[in-house]
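Note that the protein sequences, when read in sequence, are chains A and B. When you read off a place in the first sequence, starting at 1, and then add 181, the result is the number in the working numbering. Counting along the second sequence from 1, when you hit position 151 you're at 149 in the working numbering, and nothing is skipped either side.
Check the hints yourself; a few may be wrong.
[As the list claims (entries may be wrong)] Partial pick of chain B residues on the chain A-facing surface, computed with a CB cut under 8 Å:
#1 Ala17
#2 Val75
#3 Ile153
#4 Ile174
#5 Gly239
[What the hints assert, rightly or not] BS3-like, lysine-lysine: derived pairs with alpha carbons at most 30 Å apart:
#6 Lys328/A <-> Lys98/B
#7 Lys98/B <-> Lys459/A
#8 Lys381/A <-> Lys328/A
It is worth saying that the hints were derived from the structure and are not from the lab. All values derive from a computational prediction rather than experimental measurement. All C-beta atoms, glycine included, are put in the ideal place defined by N, C-alpha and C.
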Amino acid sequence: MTTQILTQTERPAREEEREASRFLFSPWHLVLIPIAVVMLIPMVWMLVTSLETLNETRHYPPVLLPHTLVPGNYTQVLRQAPFARWFVNTMIVTVATVAGNLLFCSLAGYAFARIKFFGREVVFVLLLATLMIPFQVVMIPTFIIVKDLGLINSLNALIVPNLANAFGVFLLRQFFRTLPVELEEAARIDGASRLSVLFKIVLPLSGPVLATLAVITFLWTWNDFLWPLITIYTPNNMTLQLGLTEFQGTHQDATNLLMAANVMSLLPVLLLFFLAQKYFIRGIATSGLKG
Amino acid sequence: MSRVRRILQSDHVSGWAFAFPAVFLIFVFGLVPVVWSALLSFQRTNLISPPQWIGLANYRALAHDPLFQQSVEHSLVYTALFVPLSVLGGLLTAVALNRKVRGIRFYRTAVFVPVILSTIATAIMFLWLLDPNFGLVNFLLSKVGLGPYGFFDSINGALYTIVGMTVWGWIGFDVIVYLAALQGIPQSLVEAAEIDGVRTWSMFRNITFPLLGPATLFLVVWSTINALQLFDEVYFLTKGGPGTATYVVVYYLYNLAFSQGIAGYAAAIAYVLLVAILCLTLIQLWIGRRLVYYAS
């Protein structure tokens, strides 16, 4: 299943496009256009509303084309809430989590793929077993552990428990096993240590799979809601998802500002999506998404 | 080479040194809590005062808890609607998107993008879209003489509104998986069938759909697991309401553990959820093995 998806989503899209341009219009457009409209309208209307005045959002029938655009809504959000702080917090948590996963999952993935050590099989099976446990089962004890470590209500509560992930270990181990072992053996005979084999030979060959892991970890962390909800109390330590709920509570009637805040919270994810669409799609297809 | 050095350079040591950070983190935050949670479910505890061992009392109490029963009911109704709608919708959309027509990359992207939006961002968008007074949807419905509807405020409609919203947010995931599977169908098979004069519908029914079996099974299993864990949308949009109309299992669990501090009872619910998910998954895989055709 997994390998199937890996190879197939990589078809060169441009080639398809070139072939496609031969047909200007096909009956399938009658199906595709309504689909696109349904998928895009909520987002387009969010964007339009974020540029309207408050009066226009309180108008019936709804104002579809605002009279004048109000980009000032965006700066209003920054002034009325610690939005910049939430943004920075989310960035810190996300970058640290992605970095931790890349490092620790690479090390462990390599050990499980290439080094025969005592207890390897048992430990690996136990790791895989954690993938089948719903988060709600571990949530309460994990909360107690994090509280006892004194991490509650700090960004570390969001970072430390997520620095490594069984999915990442599994993904990288599977990939490392497909690399030709001869290359590594030759380097070992030349006296290279395991560590330098990993960093100088294996990882440079693993760009795409590392990018996939990075992108999916980014998405999980950026969008996570339940765990921050449990562990963070004060607005200054909130991430964007928590901050948005906070902002929604205090600005229920300022729809234009709420939409502007929402748009801003989405920008990094959208930007990354358009820059690395291939890895997003591969990551989503292999990981099953959203935890 | 000294003995100590030989041991230090052995595979056992370097293997553990490499694996240790990740293994340690996953054990502490992923595996220990599973056992701990089981112990909690046999205790009366509020996470502050010392816990008290009460055996199976939590589980027995669950059987007579009307709010728990309602939550289970709502979770099952949600799952029974969400899974077929998103999987079937994903299949039809993927078939439509699996063509070489002009602008196909645009259409695909339009379907993929909602997948990467957070549950909260999606909820905020829909809260506005479905606003009873100024929302776009009620405006469009009024044009055809319907509404206005309360959507998230409606006792009878709130759960279905959440179904609709989450299908919108998830369908791109099903499409991604189905598109990959569709593109893996050997072209020779399709061409051979075309030469034999097989009609489009019969081609889909007898060739395409059976070959999509593994993808369908994967999506059904995965969507069920996720549907039973519904939380973010309920917490943000309805707080289980109006009344208890959208109380679902995880929302109830969260409320017990973190609002009311009834952690032992909540842990029992978590374990019921775990067992339910494992059983449903096994049943689906068991049925799947009988129905799904694996090409390889």
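Here is how each hint holds up against the structure:
1. The beta carbon of Ala17/B comes within 4 Å of a beta carbon in chain A, closer than 8 Å, and the hint placing it at the interface holds.
2. Using the Cβ-Cβ criterion of 8 Å, the hint placing Val75/B at the interface with chain A is not satisfied: the shortest such distance is roughly 19 Å.
3. A distance limit of 8 Å between C-beta atoms decides the matter here; for Ile153/B the minimum to chain A is near 21 Å, and the interface restraint is violated.
4. At its closest, the beta carbon of Ile174/B sits 5 Å from a beta carbon of chain A; the interface hint therefore holds under the 8 Å criterion.
5. Among the interface hints, the one on Gly239/B is violated; its C-beta lies about 16 Å from the nearest C-beta in chain A, farther than the 8 Å criterion.
6. Restraint check: the Cα-Cα separation between Lys328/A and Lys98/B comes to about 55 Å, which exceeds 30 Å; the hinted pair is violated.
7. Straight-line distance between C-alpha atoms of Lys98/B and Lys459/A comes to about 19 Å, which keeps the hinted pair within the 30 Å bound.
8. Between Lys381/A and Lys328/A the CA atoms are separated by roughly 39 Å; this puts the pair beyond 30 Å, and the hint is violated.
Checked against the numbered hints listed earlier, the structure breaks hints 2, 3, 5, 6 and 8; every other hint is satisfied.
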